[in-house]
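We have chain A already, so just place chain B on it with the hints.
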Amino acid sequence: MATVRIPPVLRPKTGGQPEVEAAGADVGEVLRSLTGEFPDTQAQLFGEDGELNRYVNVYLNDEDVRVLDGLGTTVKDGDTVVILPAMAGGAS
Amino acid sequence: MAIDTERAQTIEEIEPFEAAEEINGGDVVLIDTREPHEYQEAHLEGGKLVPPGLLADEIGTAAPDKSARTILYCRSGNRSAIAAAQLQQLGYENVASMSGGILQWQEQGLPVVAAHGMTPEQRERYSRHTLLPEVGVDGQVKLLNAKVLLLGAGGLGAPTALYLAAAGVGTIGLVDDDVVDASNLQRQVIHNTERIGMAKTASARIFIEGLNPDVNVVEHNGRLDASNILDVISEYDIVVDGADNFPTRYLLNDASVRLRKPVVSASILGFDGQISTFVPFEGPCYRCLYPTPPPAELAPSCSANGVLGVMAGTMGTLQANEVIKLILGAGEPLVGRLLLYEALGTRFTELKVRRDPECPICGENAEEIPESEMGRFPDYDAFCAGAGGDRQSIA
Numbered sequence: 152m153a154t155v156r157i158p159p160v161l162r163p164k165t166g167g168q169p170e171v172e173a174a175g176a177d178v179g180e181v182l183r184s185l186t187g188e189f190p191d192t193q194a195q196l197f198g199e200d201g202e203l204n205r206y207v208n209v210y211l212n213d214e215d216v217r218v219l220d221g222l223g224t225t226v227k228d229g230d231t232v233v234i235l236p237a238m239a240g241g242a243s
Numbered sequence: 060m061a062i063d064t065e066r067a068q069t070i071e072e073i074e075p076f077e078a079a080e081e082i083n084g085g086d087v088v089l090i091d092t093r094e095p096h097e098y099q100e101a102h103l104e105g106g107k108l109v110p111p112g113l114l115a116d117e118i119g120t121a122a123p124d125k126s127a128r129t130i131l132y133c134r135s136g137n138r139s140a141i142a143a144a145q146l147q148q149l150g151y152e153n154v155a156s157m158s159g160g161i162l163q164w165q166e167q168g169l170p171v172v173a174a175h176g177m178t179p180e181q182r183e184r185y186s187r188h189t190l191l192p193e194v195g196v197d198g199q200v201k202l203l204n205a206k207v208l209l210l211g212a213g214g215l216g217a218p219t220a221l222y223l224a225a226a227g228v229g230t231i232g233l234v235d236d237d238v239v240d241a242s243n244l245q246r247q248v249i250h251n252t253e254r255i256g257m258a259k260t261a262s263a264r265i266f267i268e269g270l271n272p273d274v275n276v277v278e279h280n281g282r283l284d285a286s287n288i289l290d291v292i293s294e295y296d297i298v299v300d301g302a303d304n305f306p307t308r309y310l311l312n313d314a315s316v317r318l319r320k321p322v323v324s325a326s327i328l329g330f331d332g333q334i335s336t337f338v339p340f341e342g343p344c345y346r347c348l349y350p351t352p353p354p355a356e357l358a359p360s361c362s363a364n365g366v367l368g369v370m371a372g373t374m375g376t377l378q379a380n381e382v383i384k385l386i387l388g389a390g391e392p393l394v395g396r397l398l399l400y401e402a403l404g405t406r407f408t409e410l411k412v413r414r415d416p417e418c419p420i421c422g423e424n425a426e427e428i429p430e431s432e433m434g435r436f437p438d439y440d441a442f443c444a445g446a447g448g449d450r451q452s453i454a
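Protein chains in written order, with this note's numbering: chain A, 152 to 243; chain B, 60 to 454.
No wet-lab data here; the hints were simulated from the structure. Hints are not guaranteed to be accurate.
What the hints assert, rightly or not - Where chain B lies over chain A, by a calculated footprint (3+ residues, C-beta under 8 Å):
1) 154–160
2) 163–169
3) 205–212
4) 227–238
Computed from a predicted model, the values in this text were never measured in an experiment. Beta carbons: idealized from backbone N, C-alpha and C, even for Gly.
Okay, chain A solo, but in the shape it has when bound (with noise of 0.2 Å):
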């Protein structure tokens, strides 16, 4: 099982939770075991063809899976999954 860190704006679509364990061999699998759990997160995380939204960036541990082998790096037991979006917030 690997570790999916949710970001607060996907947390709304895990019911709150930061952080979501999730099976699979590589980071396409872990990430549809999560949104087999969490249908909501599906539209956010993937396009209608299948591949990560350009705007999702997914990291294993702490490398950008698009410098790896992108959704079929192999992710092993107790590895961590962040999926990180652009975040705005600072001022107003």
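Relative to chain A, chain B alone:
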């Protein structure tokens, strides 16, 4: 005291004018037996600092020849006399202590090397900085000469401005077109209840000027857009991004890459914060990290979603720390690293951010874009329409 009596009988004491003659004649090792902060304020030319507590460890390096003429001085002559006795015990053969110390030396009009570029008031004000080897007098002078622009005098900008002002950053520019609102005061600690309704730049100026008269505050009471951003940021060394909307963040990125200005960028929402430092062409830019912004429904603002007030303090002071390191050239800024802070779990996470060779702004094949295109991204118009026409405020 017994030790004084003993020392008086066994060590040679010379007057400042005698010491000056010997020093001018050459072949003298001159040792300053005070503490580093005293030395930094003023010392005799050629004097080598060996603090009393480090005498046994450091004298061998400062004065390797035990037969050389060695003159010691301190503030008023006590510490140097004790040190002289210790040196004799260590085998130094020709030691003298300068009576009256640097105080009497200066009273007699003899020259000292003083901390350049700082007034006596500044040496006092910044003494806890100049004690740090990473800062010192040279670093403090760099801070006093630095020009930093803060985008937003709100949540992040407030604590950043306070600490940069306290640190003596000489010019602080503030960009904001908003006025102080009661709902700001839960986190925007540079403003106060009496100044509700005042322009945020004016309110921040009052606080900063009260904190530190060394700081020149420049108010940019308005919005940055493609027509003015290059002119505004070209006046500054470093830009601090605390903007509350994506169009401004992309605009700042594109302009700062073109002008090669480092940007310290942070954002906060709820109990979460993130921060990175973008140094153009040395590390990734904001677009390398976030090629496109999320759709409006995934980009809530603090006003819609709420934010823990102290998050502004945590992330804003981290921004101030990054700025100061960039000015000093000290330490490791967050270049190529994104630091996430999750306050409910009190957890920091560091992620790697790499330059994107395909980046349209700083990538290998990036071409200079016209100014009208700066800050644009795919679906920009749809995004801005979705986010509401008034979202371009950087307040």
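Hint check:
1. 154–160: Held - the stretch 154–160 of chain A has 4 residues with a Cβ nearer than 8 Å to chain B, which meets the minimum of three.
2. 163–169: n = 1 at 8 Å, threshold three: violated.
3. 205–212: holds (count 5)
4. 227–238: That given contact holds, which follows from 5 residues of the stretch 227–238 of chain A lying within Cβ reach (below 8 Å) of chain B.
Of the numbered hints stated above, the single one contradicted by the structure is hint 2.
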